[in-house]
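Listed in order, the protein sequences are those of chains W and D. According to my numbering, the first sequence holds residues 9 to 315 in order. According to my numbering, the second sequence holds residues 11 to 502 in order.
Do not rely on the hints blindly, as some may be mistaken.
To give an idea of the interface, some chain D residues facing chain W are shown, with a C-beta separation under 7 Å as derived from the structure [stated by the list, open to error]: (1) T87; (2) H88; (3) A91; (4) K93; (5) I97; (6) L126; (7) I128; (8) R343; (9) I344.
Worth flagging that the hints you see were computed from the coordinates, not collected in a lab. Where a beta carbon is used, it is the ideal one built from N, C-alpha and C, also for glycine.
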Amino acid sequence: MAKTAPLRPFWPVLAILALAAFLPLGVSGYVLGLLTLAYYFGVFAMAWDLLFGFANEVNFGTTFLIGVGAYSAGILDNRYGLPIWACVAAGTAIAVVGGLILALPALRVSGPYFGLTTLVAVLLLQNFVIIFSEVTGGEIGLVVPDVITTDAAGNYWIALALLATSGVILTTLSRSAVGLILQASGQDRIQAAALGFNVTRHKLVAFSVSALFSGLAGSFMVFYMGTASIGTLIDITIGVQIIIAAVLGGRRTIIGAAFGAIFLIGLTEILRPTGEVATFLVSAVALLVVILAPNGLTGMVARKARP
Amino acid sequence: MSKGMPPLLGVRGLTKRFGGLTAVNKVDFALWPGEILGLIGPNGSGKSTLVKLLMGIEQPTEGSILFDGAEIAGLSTHLVARKGIGIVFQHSRPLERQTVIETILLGLLPDSLFRLSISAEHRARARAIAEKVGLGAVLDRRPSTLSFADLRRLELAKALARNPKILLIDEPFAGLTASECAEFSSLFREQRSQGKAILLVDHNVRTVAALVDRVIALCLGERIAEGKPVDVMRDEAVRRVYLGGAIEAAPRNGTGAAGAAPLLELRGVGVRYGKALAVDQADLAVGENEFVSLVGINGAGKTSLFNAITGFVPHSGEILWRGQPVKGLSAVRIARLGISHCPETRELFGDMSVRENLDLGGQRQAKAESDDRLAWMFELFPILKSRQKQNASTLSGGEQQMLAIARALMTDPQLLILDEPTLGLAPIILEQLSKALDALRQTGKVGVLLGEQNVTFALPHADRIHVMDRGRLTWQGSPDRFVHEAGANYLI
Numbered sequence: 009m010a011k012t013a014p015l016r017p018f019w020p021v022l023a024i025l026a027l028a029a030f031l032p033l034g035v036s037g038y039v040l041g042l043l044t045l046a047y048y049f050g051v052f053a054m055a056w057d058l059l060f061g062f063a064n065e066v067n068f069g070t071t072f073l074i075g076v077g078a079y080s081a082g083i084l085d086n087r088y089g090l091p092i093w094a095c096v097a098a099g100t101a102i103a104v105v106g107g108l109i110l111a112l113p114a115l116r117v118s119g120p121y122f123g124l125t126t127l128v129a130v131l132l133l134q135n136f137v138i139i140f141s142e143v144t145g146g147e148i149g150l151v152v153p154d155v156i157t158t159d160a161a162g163n164y165w166i167a168l169a170l171l172a173t174s175g176v177i178l179t180t181l182s183r184s185a186v187g188l189i190l191q192a193s194g195q196d197r198i199q200a201a202a203l204g205f206n207v208t209r210h211k212l213v214a215f216s217v218s219a220l221f222s223g224l225a226g227s228f229m230v231f232y233m234g235t236a237s238i239g240t241l242i243d244i245t246i247g248v249q250i251i252i253a254a255v256l257g258g259r260r261t262i263i264g265a266a267f268g269a270i271f272l273i274g275l276t277e278i279l280r281p282t283g284e285v286a287t288f289l290v291s292a293v294a295l296l297v298v299i300l301a302p303n304g305l306t307g308m309v310a311r312k313a314r315p
Numbered sequence: 011m012s013k014g015m016p017p018l019l020g021v022r023g024l025t026k027r028f029g030g031l032t033a034v035n036k037v038d039f040a041l042w043p044g045e046i047l048g049l050i051g052p053n054g055s056g057k058s059t060l061v062k063l064l065m066g067i068e069q070p071t072e073g074s075i076l077f078d079g080a081e082i083a084g085l086s087t088h089l090v091a092r093k094g095i096g097i098v099f100q101h102s103r104p105l106e107r108q109t110v111i112e113t114i115l116l117g118l119l120p121d122s123l124f125r126l127s128i129s130a131e132h133r134a135r136a137r138a139i140a141e142k143v144g145l146g147a148v149l150d151r152r153p154s155t156l157s158f159a160d161l162r163r164l165e166l167a168k169a170l171a172r173n174p175k176i177l178l179i180d181e182p183f184a185g186l187t188a189s190e191c192a193e194f195s196s197l198f199r200e201q202r203s204q205g206k207a208i209l210l211v212d213h214n215v216r217t218v219a220a221l222v223d224r225v226i227a228l229c230l231g232e233r234i235a236e237g238k239p240v241d242v243m244r245d246e247a248v249r250r251v252y253l254g255g256a257i258e259a260a261p262r263n264g265t266g267a268a269g270a271a272p273l274l275e276l277r278g279v280g281v282r283y284g285k286a287l288a289v290d291q292a293d294l295a296v297g298e299n300e301f302v303s304l305v306g307i308n309g310a311g312k313t314s315l316f317n318a319i320t321g322f323v324p325h326s327g328e329i330l331w332r333g334q335p336v337k338g339l340s341a342v343r344i345a346r347l348g349i350s351h352c353p354e355t356r357e358l359f360g361d362m363s364v365r366e367n368l369d370l371g372g373q374r375q376a377k378a379e380s381d382d383r384l385a386w387m388f389e390l391f392p393i394l395k396s397r398q399k400q401n402a403s404t405l406s407g408g409e410q411q412m413l414a415i416a417r418a419l420m421t422d423p424q425l426l427i428l429d430e431p432t433l434g435l436a437p438i439i440l441e442q443l444s445k446a447l448d449a450l451r452q453t454g455k456v457g458v459l460l461g462e463q464n465v466t467f468a469l470p471h472a473d474r475i476h477v478m479d480r481g482r483l484t485w486q487g488s489p490d491r492f493v494h495e496a497g498a499n500y501l502i
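With the rest of the complex left out, here is chain W:
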């Protein structure tokens, strides 16, 4: 394995994971529900960081990938009554296919145009859901008859397991030989090509992997919430929150994005009593972190930890 980044945070992360696994024994269902949501967002943010931090592409279409996965899984359950595992698998696969259909033309254009193309994809999906409301539930939302479990601890553990698995796979990938090639492609595409690497193909694969985890977490989330709606899965503001979480957590760290998501959702909840001001305060904090510590929260911690 390339020593792109030493496995320094391995033990602390393992300790935090162990602690998190025993959390249902000590905290209320309300907190568990909040963390469950935060873990799903953590997966979204980690998947986004693979593209932003490593492939150097700003993907505004992350909710397109999530939405395609979630709605596909939900519709398959709602209309065809397929078993949940099949819905999740199919939702994930369709998200990957959707991601490829989006990325193939989007990666032909470079720089800001890639971002714009992905942004338009989100709007298209939003309209698609509204136009085909008979199948998708339109603006009211899609009701999913089945849920995996109604037990708060059960749902929490599923989300935690998904977060941990995604984190391990994405981290391994980002620090591997392909991760090194991906980083080189992101930093200087001409140079990477001059070393014989097919830059477009590597970015396309990174996009597919990002789509896979976004779609997977999106599909699971539908069966946690029991519904799918534009406002909770596709809306641009959701995408922006995921981006803020990833940047807040620390670019190019993968797990930092997960911590960013937990921090962001936790902070929003703590500030909820302030009403309308909450959103403003959260955005202000995010802005401050991005300006004062471009390497995010993990960057701050890493700097402190260094002798």
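Go by the hints and put chain D onto chain W.
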């Protein structure tokens, strides 16, 4: 090298046009295994474009590139690289987040999507390559902590890691000390002895004469000479390109500007880019309405010096405008003092019309005044008048240069800084430009600081000449003294 064998690389009729500009024009050459071929030419002659065409970074408009007998023209860069062509870029482009050893490892990796681990064998090879180029002591350092020469070594190491049959090396010696140059030269010789073919790009023959087996010279995209270094140095066409024929001085009519109070004064100015020293202890002055030419080959530091004056790069030492230091002023404030900078790259607004570009220059003046200046510009460059409505990007190179100068003059400067206005222009255009500069000088309205590698162009208008060589101002004097003293030693 054995000419009986078919060449490793055969280039025929290679042409690249960017819109109306022909950057490379029907170039033919061949490269055999075990030889170092020098590719020389002044700035703007098409060398870099040619290298990009070979590497597939730009696609040729016409022509063929045979590698080992197979056509590679039009292939994308990664496919060209896999055939066995490697490149050492002119500017170091390190991967900032990777260490030296990781960067070299990257070069060793196959283009696989499924390879997660890096084998011990690869690590050992990466280390061996690092040792060979002299990076053994800095394996785990990141590029930001490396010296300039080490960054160049890293570029070479990366290219060597792929074990290419042909190495394209773009200006390897720029910014290196003599001993570092010698070190790199011996590395290139070693590659040659192993049967590799090297295409070495440089500005002039002298730097590479001892190293190369053969030289081809480019000018304005065309091959003008080929042969042994000594022969190319003596070649009439090559001498004309570098020296521009006979050097003549033309004194100004009427009042000379010598003795006028200095408008701009530089005292011990230095410019540094990280580790590279671009300008060293430069002293220079331009008087009111004086025309000063700064001559030197590309890479001498002219542009850096100009950028320091106009506040685009930080400097050490003192730059005084009418006796007041400009240090700390932003580029905008410096421009408003009355210094107009016409950069080498022209920086026109391509999607705006000629007229809009000019009007932008006159933005900060009263309407009547800017109308007057516009009329004067059309008098100076009549062609611009007929092109008013055209988009700037559709102009020919020469017209673009005229527009760039006119736009700079529209701001009513007291000092006009002209950086390489002749870059890539045909002789006929040079004549027109030369006339316009002469007219400008005769008006006595503006001081000019001209940076040029074309001495013939720089000389006739100048009141004073400075010669710049590797960051230092090495000579100054009047144009006629230049003809006698410096001209003979200058260039090639």
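Hinted contact D/T87 with chain W - closest CB pair below 7 Å = holds (4 Å)
Going by Cβ atoms only, is D/L126 closer than 7 Å to chain W?
-> holds (4 Å)
With chain W as the partner, please determine if D/I128 meets the hint condition of a C-beta pair closer than 7 Å.
-> holds (5 Å)
Grab the minimum C-beta distance from D/K93 to chain W and call the hint holds if it beats 7 Å, violated otherwise.
-> Since the shortest Cβ distance to chain W is 9 Å, the answer is violated.
Status of the hint placing D/I97 at chain W (closest C-beta pair under 7 Å) | At 5 Å from the nearest chain W Cβ, D/I97 passes the 7 Å test, so the hint holds.
Chain W contact restraint for D/R343 - C-beta distance below 7 Å | violated (26 Å)
Was the hint right that D/I344 lines chain W, CB cutoff 7 Å?
-> violated (28 Å)
Answer holds if the nearest beta-carbon of chain W is closer than 7 Å to that of D/H88; otherwise answer violated.
-> holds (4 Å)
Holds or violated: is the Cβ of D/A91 closer than 7 Å to a Cβ in chain W?
-> Result: holds, 4 Å to nearest chain W Cβ.
The structure is inconsistent with the numbered hints 4, 8, 9, although it conforms to all the rest.
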